[in-house]
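Turn these sequences into a full structure, and let the hints guide you.
Protein chains: 2
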Amino acid sequence: MVNLEVVLVELFVLILLASIASVICKRLEVPVVVGVVLVGIAISNITIDGQSLYSLLQLDQEENEAIFKVFAELGVIFLLFIVGLETPLHELRKVGKVAAMVAVLGVVIPFVAGLAFMLLLQFETLESLFIASALVATSVGITAYVLKDMGMIETIEAKTILAAAVIDDVIGLVILSMVSGIAEGSGTSLLDIAAVAILAVAFVLLVMFATYLIPKSRSKIKEIKPTGRWHKHLSPLPFALIVCFGISALASYLNLAAIIGAFLAGMLFAEFKDTWPAEEKLEPINEFLVPFFFLQIGFMVSLSSMTGEGVLLIAISLTLIAIATKWAGSWLGARSMGKGSANVVAMGMIPRGEVGIIIASIGLTAGVLTDSLYATVIFMVLATTLIAPYMIRWAIKRRGNWKGAFKGAPSKFREI
Amino acid sequence: MVNLEVVLVELFVLILLASIASVICKRLEVPVVVGVVLVGIAISNITIDGQSLYSLLQLDQEENEAIFKVFAELGVIFLLFIVGLETPLHELRKVGKVAAMVAVLGVVIPFVAGLAFMLLLQFETLESLFIASALVATSVGITAYVLKDMGMIETIEAKTILAAAVIDDVIGLVILSMVSGIAEGSGTSLLDIAAVAILAVAFVLLVMFATYLIPKSRSKIKEIKPTGRWHKHLSPLPFALIVCFGISALASYLNLAAIIGAFLAGMLFAEFKDTWPAEEKLEPINEFLVPFFFLQIGFMVSLSSMTGEGVLLIAISLTLIAIATKWAGSWLGARSMGKGSANVVAMGMIPRGEVGIIIASIGLTAGVLTDSLYATVIFMVLATTLIAPYMIRWAIKRRGNWKGAFKGAPSKFREI
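Protein sequence lines, in the order shown, are assigned to chains A and B. Under this note's numbering, the first residue of the first sequence carries the number 1, and numbering increases by one thereafter. Under this note's numbering, the first residue of the second sequence carries the number 1, and numbering increases by one thereafter.
No wet-lab data here; the hints were simulated from the structure. Where is the CB? At the ideal position from N, CA and C, for every residue including glycine. Treat the hints with care, as some may be off.
Claimed, not checked - Dumping the calculated DMTMM-like pairs for lysine to aspartate or glutamate here, alpha-carbon to alpha-carbon at most 25 Å: (1) Lys232(A) to Glu280(B); (2) Lys69(B) to Asp49(A); (3) Lys232(B) to Glu29(A); (4) Lys232(A) to Glu280(A); (5) Lys397(B) to Glu91(B); (6) Lys69(B) to Glu29(A).
Stated by the list, open to error - Not the full set, but computed from the structure, chain B residues with beta-carbon under 10 Å of chain A: (7) Leu11; (8) Asn64; (9) Ala66; (10) Leu74; (11) Glu91; (12) Pro238.
What the hints assert, rightly or not - Cβ-Cβ distance ranges computed for the label pairs, FRET-style: (13) Ile48(B) to Gly310(A): 53 to 59 Å; (14) Leu205(B) to Ile20(A): 27 to 33 Å; (15) Ser336(A) to Ala42(B): 53 to 59 Å; (16) Arg27(B) to Ala197(A): 40 to 46 Å; (17) Gly367(B) to Ile46(A): 32 to 38 Å.
This is the structure:
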């Protein structure tokens, strides 16, 4: 039985600390994300009498851990759903070609560079393959948060990043299924991998096609049944939640990231915005939950796992490679947008996420990766996530003539 | 490890079914609560191949169960917090005396009647004492929801119910500590019980005193430090959540109901409304979570436990006694308000909740109560909860000249 009193205390402490951190960050003009992640790192690494704050708060108990993981996941799912709501499909299609280039080059270059680096350091081929694979997949949660926070989610750069993230996730899935096959020893046939990829692509295209069809079909159905005796009783929020959770679950079932499903769901639900305006109801839910996403990132950091000899050095090198090569690949892909915009897109693609960690876990479980190489990947994922808000802000500032090209909230932007 | 894909599927199915139920209820002009609770009952009692839908959805797995229990609890906590936000302290104090009468008579009469009924049926004294104790404590969650839903939370009747619920909870706590003492065999000394009661009363009075002091102290602090460099960075929602969770946790720690803490916290936070308007942000969070509270009520219903011989008869009799005596006691306490208003207040006090179930669980664990008597108490709690929305609506209609006395949303009221 879950102890509700303990959960209330945990909620109190976590929100209190996250709020203190975000007030301080705002005062010092540091990205709020960074402060909240640091609180998470502090909670899981500061020990009193040999016990971390994390375990003193009973956050390590299975049920409590589950609760806060779900809060974190729902936070980032709602975030991407809201971002999807603000992204019309036809504008996403405009950036399709550039986004595909960004995604492909942003995968190939980090993979090749990571493989070369590991082989140069005399690691085995299999080990090197796993590490290189863990370098490729972008996780767009933090980027979406920063762009949204800056009122820039409606810019062409944001759309390119989001479209590239969808394609990137499909590529990441293919790599994941290959790697799983290798880890199982059997190797996976090209046919199996093709099946996984085709299913994922079919799902993405199907949701997009549905989004495309809805405006047409809705006007027709209205002609047939103009009264809507039933649908006037359907509130916007539950309807939005049903669409969001349904498509996210389906994406997750097809081994795509749930947040990619949420993004597509948001885009689809945007077609119902007129009758069911759910946006202003989702924002506060997101504001409640999203700090748990940042805290969770911090909880994963185990400073003690970085103490092995040379581990930190490899971790830092790998992180620099991850940043430089993802930037270079994405920049090359987006260069037709102009240097400034390509820089913003490339910075937005830098943060890695769950897929990298999942690949590393598979490697660890299969005995291909050592504990310290696993810790190295976790370090890379977290470092790219933590550094991204700074890089994106810097790129946007540097881009300069934002007034002409950016829609969104310039007054908010000026504050940055 | 919690399986996030499963949680997403559960969220999808539960919200989908709850939404379908609530659309149907609105169309048939039945209280939405009833429909959603029925969905909960269906999920936990309909079996396919010997497995209930509840277990097919993996809701019986410890972690998933914990997640949805927390959602349910947070739903009702936010509900009472919002109700507290709409209840100024000075108006609550106005109804203090009447509320005290309602609470005391609404406890004494059900207790005496329950005891007499059980002794008449030849149950043992100890058994009868436990059942009688389980009859007393009102749980104000459903009532608050119905009154809020009808736009009547600012009426004098609503305030009387809420004030009575606070006092009722303290009395319930005293009874709970006596009953625990008896169950442990040792019996609890009067001194211990007095200590529990004094702590609870002190807590309630302290929060109320703080609420009273805040407006005065705030104007003074403003004079000292008019700029507020820091507090402009504090967003309304996190601040509200910190106050809500902090005081709810404290109430829970003192063995009061967490929702009573949330109500007091809301009253206190209302004094910050001007600078930190959190209300419109809490409403959507509540709209997301509160259906899980109603579903959870339904999940607890085990239809099969009611099949024992005579169990259903005793359960129904006990429920009728619970309804009639709580109504009579509360009505007597509130009769100075006029018959119509006293009727509304009395109906609002009918639903029982966790305290009754906790007392029955203690009895079951101590071997004082049989399984079927335990099931009887659960039946009574659920039946009073399910019937309350109808009774309250009926009482409000019957009250008649609501136009003069009721503030709130008369246009919404007319729809009922």
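Hints and how they fare:
| no. | hint | result |
| --- | --- | --- |
| 1 | Lys232(A) to Glu280(B) | 22 Å, holds |
| 2 | Lys69(B) to Asp49(A) | 32 Å, violated |
| 3 | Lys232(B) to Glu29(A) | 14 Å, holds |
| 4 | Lys232(A) to Glu280(A) | 19 Å, holds |
| 5 | Lys397(B) to Glu91(B) | 24 Å, holds |
| 6 | Lys69(B) to Glu29(A) | 39 Å, violated |
| 7 | Leu11 | 5 Å, holds |
| 8 | Asn64 | 8 Å, holds |
| 9 | Ala66 | 4 Å, holds |
| 10 | Leu74 | 8 Å, holds |
| 11 | Glu91 | 27 Å, violated |
| 12 | Pro238 | 4 Å, holds |
| 13 | Ile48(B) to Gly310(A): 53 to 59 Å | 57 Å, holds |
| 14 | Leu205(B) to Ile20(A): 27 to 33 Å | 29 Å, holds |
| 15 | Ser336(A) to Ala42(B): 53 to 59 Å | 56 Å, holds |
| 16 | Arg27(B) to Ala197(A): 40 to 46 Å | 45 Å, holds |
| 17 | Gly367(B) to Ile46(A): 32 to 38 Å | 46 Å, violated |
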